[in-house]
Structure formats: structure tokens, C-alpha cells
Amino acid sequence: MEKALKKYSPVFVLPTLLAFTIGFIIPFIEGLYLSFCQFTTVKNAKFVGLANYKYIITDELFLNSFKFTVSFAVVSIVLINVIALGLALLLTRNLKGTNIFRTVFFMPNLIGGIVLGYIWQILINCILSIVGQPLLALNTQAGYWGLIILTAWQQIGYMMIIYIAGLQNVPDDLIEAAAIDGATAWQTFWKVKLPMIMSSITVCVFLTLTNSFKLFDQNLALTAGDPGHLTEMLALNIYQTFYARAGMQWKGYGQAKAVLFCILVVVISFAQLRATRSKEVQA
Amino acid sequence: MKKLLALVLAGVMAFSMVACGGTETEGGDTDATGSVYYLNFKPEQDQQWQDLAAKYTEETGVPVTVVTAASGEYETTLMSEMGKESAPTLFQVNGPVGLANWKDYCYDLTGTDVYGQLLGDDFALVEDGKVYGLAYVIETYGIIANKTLLEKAGHTVEEITSFETLKAVVEDIQARKDELGFAAFSSAGMDGSSDWRFKTHLANLPLTFEYETEGITPGTVKGTYLDNYRNIWDLYINNATCDPAELSAKTGNDAVTEMVEGKAVFYQNGTWAAGDLAAIIDDLTMIPLYIGVGDEANQGLCTGSENYWCVNSQASQTDIDATLAFLNWCVTSETGVNGMCKEMGFVIPFAKALPADNKFVQEADAMIAAGKKSVGWNFPTMPSEEWKNGVGQALTAYAADQTDANWDAVVAAFVDGWATEYALANPA
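Chains as they are written, first to last, in this note's numbering: chain A, 1 to 283; chain B, 1 to 428.
Hint data in this document are derived by calculation from the structure and do not stem from the laboratory.
Note that the structure is predicted; figures quoted are calculated from it, not measured.
Think of the CB as a built atom: it goes at the ideal place given N, C-alpha and C, for glycine as much as any other residue.
Under the rule of at most 20 angstroms between Cα atoms (straight-line distance), these lysine to aspartate or glutamate pairs were calculated in the EDC-like manner: (1) A:Lys193 / A:Glu176; (2) B:Lys152 / B:Glu179; (3) B:Lys222 / B:Asp416; (4) B:Lys372 / B:Glu158; (5) A:Lys46 / A:Glu30; (6) A:Lys43 / B:Glu81; (7) A:Lys46 / B:Asp104; (8) B:Lys130 / B:Glu306; (9) A:Lys46 / B:Glu81; (10) A:Lys43 / B:Glu85; (11) B:Lys352 / B:Asp113; (12) A:Lys43 / B:Asp104; (13) B:Lys84 / A:Glu30.
Partner residues aside, some chain B positions facing chain A, computed with beta carbon under 7 angstroms: (14) Met82; (15) Val97; (16) Ser248.
Hey, can you work out the whole structure from these sequences and the hints?
Okay, structure coming up:
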């Protein structure tokens, strides 16, 4: 069997490899090339060298949306992971109705980002109107916190499931041994459980980090960048540059932003993976 | 079992390759007659275009494909379609700003039959002596008023002949809002589905009057009539069905609902709204948008176009010829003109146009016949969408908190924003 598999492996790999090449590698390389061009459609690209990159480092809106995205990412990563881990700890204690709670907390994740964005827009506008504050379209603070509440609400359940799986894999004998040695609940958590679930933490932080940077639908539906691009995150900024502007130079700018964005996300997530991986332990 | 698995996998692979290759055969339909591929902008008229295309194919044998882009997705669709082997031969731009994107793809229509049918260069997109686009539908907007409700409040449409008289009627109705059971204006929603009525259509008035009195200087506007813009905006937002602070979340549908339910007398919109308001259309009339500038006694409705047909210059010559023949057929043949004017309900700026059934269009025609001077559509000269968004944002902020400082922000978005955006859109 194994021999046959080895012999035919190229045949089996081929369809996926073809699809991956056509659907990812070729467009990616073409995209890289286009970031050095001005174009209307991909066929009539005109090479302009580094002009696009020169422009985007002077584009204040892009820098603003970078800052906004970073401040959003930091708060939402911490918030989502702390709350998700807390819920996971609560729901691994054999409480009554654990399964129902797990299902309920997971459910927001099943709704699409655009729908969630509009629903939360109505909810938040309603509250703002009751307390007499400017509505979302005019309120940067509300837009920022609205986005955080929305993504937290959506992702906590998902991360919680990963943490639950991690906590259930902590061997009982370790916890028992800790109890016999007289460790308090806090010590058991901090010294035993946490190191044992480092791999779950790696996964969850990675997911929340990349999700935060790539956030698009929720941003588009909830605030659409209002007021005046102040709540516009990187992905939306790229989209707006590419599609909301007329003129071939903007396509090039948008493309160059997209390439920078891609590099940024890759670098940040690799750094994070290295940092958290190094803390992982084996039982 | 192994063999079966291999067979299934091979089958899947073969199928995926066939599926990939399948699309190739669609393009390159360039036999002697050529073919037409129309990327349509107006979803409301999709079915009518499909029918008209089928009739043309039946008559002449030339294949016509009509694809309609989803609302708000036209530029995106056009961009990806244009990159294909079988690109649209006929597409649309929305005026000079849209043309900037697609100039390289626009065939010079000078001397073509369909251009010969056009009622004048007012309806053509001409730059550097070349005809890049032809308007194919003329639309009109103003203030839609509910006559029945007006009479209930003890007023008539005839009273309203200027901004001052409009203001008097509006403020009188608003003062008796609770007693009458309806407000003067429907909500001036600043949600994306409705804000264009104010950041684009209403802004057209101060802009047009400035162009008339000050002349046009590319790249700059002075904002001569922005005080009038403020006056009419104040009138809209402070005499409406809702608190001005809530306007940022109000949608186009909200305003339509308020009109249909008889909760408001006035609604700024155009001939295209006749369908939405069909239930109460007999009560309605359209009056000019007075802002207190110019010769108000002779002011008519705002009439113009922002939809221009362009022929893809990068298509093969046979396809270009086929497309031009199709366009000419649409605006000259009985079937074509009937399809556009009756089925689609368009007012077309071509020699053989038929009179329209749309009530607002008829009123606009009557007004022109009575010697009123239409206000042109100059918003296609606005430098970019971003400019409109800036003005819209400032208007929304001003509505929520009506201070002079916030109005200054509107003026800045209008005047300074124009210069900034013009420079960005037209790099030296």
C-alpha cells in the first residue's frame, strides 16, 4: 500500500497542486507585479516602478488605519482570549447544562460578519440615541468599541471551544498530583494547566491576531469607516483605495497597499508563532 | 478498492480540468457578423434589456448578451469583465469622472449613426474633440409633494414659487405637526442608501448656480451659494419626521415609507422614485428645488443624465460594428424605441423618442413647455466619490449639532475638499 501510494503520489497531488497554482500562486505573483504598475484592468498594466510604494508611505489615511487596526488588534486579542479562557475554565467543571452553554456561546460564530455588523449597528445606534450620544456614523469612540464588542461577541465562543479541548487534554494525574502536593486552585491553574494548554493559546492567539488584521465585513457593515475614515481598518482602506476611487493610479496604490498588508500580516503572525511556541511544554 | 479509489480520483481530476477548460470556448465569438455583450448598469431594467436583446437576435441573427451588474457593484464587475477574453463591447460610465477610469477603452463615436440620432452634444461625453459616451436616459428630480396632504393643511402647490414661499408653507405645517398628523419633510436620511440625495443632488444646485454666475474653473469652486445650501438643509432637517440627530442612521426606505404612509408632505427625489411611490402617485406632484438663488419664477426641475453608453475600443472591429448597429437599432427601430421608452420607461435623448408614461416625467415636460428653465446636472463634474462622502459626512455632523463651526466644516469639505480631490484625481 505504502509503496503504491509513493508511486502514485504525484498523481494524487496534481489536482490540488494545479488548483493551488491557478488559484493562489499565479494570482499572487501577478499581484506582486501589479503593485509596481498603474492599471485599469490587469491586462493593460503600465510599469511605474516604486511610485505606488512611494505614494502609500505618504498616505495619511493608510497610516491612520494602520494605527487604528493595531490598537483594535491589541485590545481585541487580549479581551477575546482572556474571556474565552475564563469561559472554558468555567465550562470544564462539570456544571449542570455545560453542553447548552457551550452551544450558546459558540453560536454567534455561525452568523456572517455582514449580518452581525448590521444587527450590532442597529443595537448600538439605539443605545446611543437613548443616552443622547452621536450615532455611530459620527462617533469614533463608539465605532471603535462597537467593533471590539462585535468581534469579541463573535469569536469568544470559537476560541472557547479550542481552550476547552486543550483543558480536557490536561492529564488528570498531573492535577491530582498538584492537589496532593497542596497546590491551591490558582497555583494549579497557573503552574499546571496554563503551561499544558500553551499549544491552544498559540492557536487562539494566532487566529485572533490574523482575524483582527484581516477584519473586513464587520468593519464595512458596522461603521463603513465613518466618520471620515477614522474607523477604517487596513483591509477596508485597501478596498476603498481600489474600488471607491476613479483613475488608474489608484488601482496601483491599492495593489501596493495589499502587498504591504500581506507582508505585514505574515511577519506579525510568524513572530507571534515563534514567541508562543517557545513557551509550549510536553507533559 | 485501491483501483476504485484511483479511478474516482482520476475522474475528479479529469472533471476539474474539463471544468477549467470549459469556459475558454465561450469567448472569441468573432464570426463575420460579430456579437454584442452589454454590461448593464440598471438592475431595474434587466429583464427588459434581456427581452430587447432576444428580439434583436431574432431579427438580425446577431447574438446579444446582456449581463447586469448588481446594484453598487458596477465598477467592480466592469473591471473584472474587461480583463477577460470576451470583454463587454458596450458598457457605461457615469460622466467625466467615471470616464477618467475608462478613457482608454472608449471608442470615439464621432460620425457613427447612433451619435447622429442624439439630440445634441449636451447629451454626449465629449473630451478633446472626441465623443466618448452617449447619454441614453434623461432623468429629472425636484421636491416631490403630496398635494392631498398640502390641501389638508390649507395650502396649495401653486403657493410655492420660491424658497421663501416654500419655507413659509413648510414651517407652517411643521408648527401644526401634531394637530395635522404629518410632518413637512420626510427624513433626510444620511445612510448610504439615501445620502446621495443631499451630498450629490442637492449639492448640485449651489454648484450649478455658481457655474452660471462665476463660470467654471477646473479644480476650484468658490462656494458662492453655500449659505443657500445651508438654508435649504436647515429647512429639510428641522422640519422633518424625526430628530436631526437621528438622520445618520435613516435610510432611503424610511423616507419612502413615511411618504407612502402619509406621514410627510415633501420628499426630495427624482423620476425614478415613481415606482416606489406608485401607491400614492395620484396625490403627488414634483416642484422645483428652490434654494433662493437666481430667477426662481422661471426655475424648472433638475434634468440631466449621468448614464453614458460607451463602446469598447479594444474589442474587435466586427464586434464594434455589431455593437454600433445594435445601438442604432435600439434608438431608431420601432421595437427598439418601444422597448426603451415604454417597457423600460426611459426618456431617451434621441430623435425618435416616444413620450413617457412616468407621471413626473410628464410634469417635467409640461414645465419645459411652459417656458421654465431646467437646472442642469453638474454633479458629474464633482471631482470624486470621496468629495461627495466628505460633504455628506460634514452635513451629517452639522445635522446632529447645528453650530456655525460645523457648518464651516461643510464649507471646507465643499470648497477645500474640491481642490484636494481634484488634484488627487488629476495628477499633474
